Amino acid sequence: MSKGVLVDLTKCIGCGSCTVACKMYNENKWIEDRQPTSGENAKLADENWTVIKTVTVEKEDKAVWRYVKEQCFHCIDPACASACFAKAFQKTPAGPVVYYPDLCVGCRYCMVACPFDIPKYEWEKSLPYVTKCMMCSSRVEEGQSPACVAVCPTQALIFGERQTLLEKARETITNNPNYVQHIYGEKEVGGTEWLYISDVSFEKLGFKTGLTEKPLSSYTSDFMKYTPIAGATWAVILGGIAMFNHRKDKVSHDEKSYQNLEHNQNNTDEETRRSE
1 MSKGVLVDLT KCIGCGSCTV ACKMYNENKW IEDRQPTSGE NAKLADENWT
51 VIKTVTVEKE DKAVWRYVKE QCFHCIDPAC ASACFAKAFQ KTPAGPVVYY
101 PDLCVGCRYC MVACPFDIPK YEWEKSLPYV TKCMMCSSRV EEGQSPACVA
151 VCPTQALIFG ERQTLLEKAR ETITNNPNYV QHIYGEKEVG GTEWLYISDV
201 SFEKLGFKTG LTEKPLSSYT SDFMKYTPIA GATWAVILGG IAMFNHRKDK
251 VSHDEKSYQN LEHNQNNTDE ETRRSE
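In UniProt numbering, the protein residues as written are 1 to 276.
FYI, nobody ran anything at the bench for these hints, they're computed from the structure.
Only a predicted model underlies this, so the values are computations on that prediction, with no experimental measurement involved.
With a straight-line Cα cutoff of 30 angstroms, these simulated DSS-like cross-link-like pairs (lysine-lysine) come out: (1) LYS204 x LYS214; (2) LYS91 x LYS187; (3) LYS43 x LYS23; (4) LYS187 x LYS168; (5) LYS23 x LYS125; (6) LYS11 x LYS29; (7) LYS62 x LYS208; (8) LYS62 x LYS11; (9) LYS43 x LYS62.
From just these sequences and the hints, can you work out the full model?
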């Protein structure tokens, strides 16, 4: 059975341990001035695969803070994978939706297909790829929890089999009337491996509500089925796009390197003239 994570937002204290563990395990950079990992302005980005967003909401006529962990939801039937001709996105039996950069052609259809706006693009890099949380797939395959779950001090994150997590979530919200009587991710877009329970409306917390219960992959599959270009032709076209994109990026990178070299050489010549 596939594995997942149950997030109890009532237990999250916003410490940010999960974001640190994610950065360390995946060797992602810290760019807090442009890509904050916590606070009201926290947002997912090419170097931020998970963030803790601070949300101020009203509850019982009082303003309260809630901390919302965001990352890929790892859909049971992911639209990103069905939209990717190159099979750069693949759903694993263990649960994680994994991205293989070596297969990516740079079309970015995955970004359009995702209902949660999760995949991000490395716009500022000379050789860009798409990035997202991969649920520490190598750890999950070995029976270990994702790095973020392993360091959570309040057990706001619980790792386990999805069905077991659903049973635990139902028991929690049934026995505690303070919880919203809904498990986010149980049925949204066909269900997700990451599940959420909360004492505050998911809509107020910024979650996308009103989503269909039908997997979005069915829509992308239907679209491709009626597209009058055969799969082999798509492979050629997208392969060409990939070559063009990476060639363009390489040229841009080489031009910048040349400009820097030329600038350094001019500075050296100027210093030489001054010394004479």
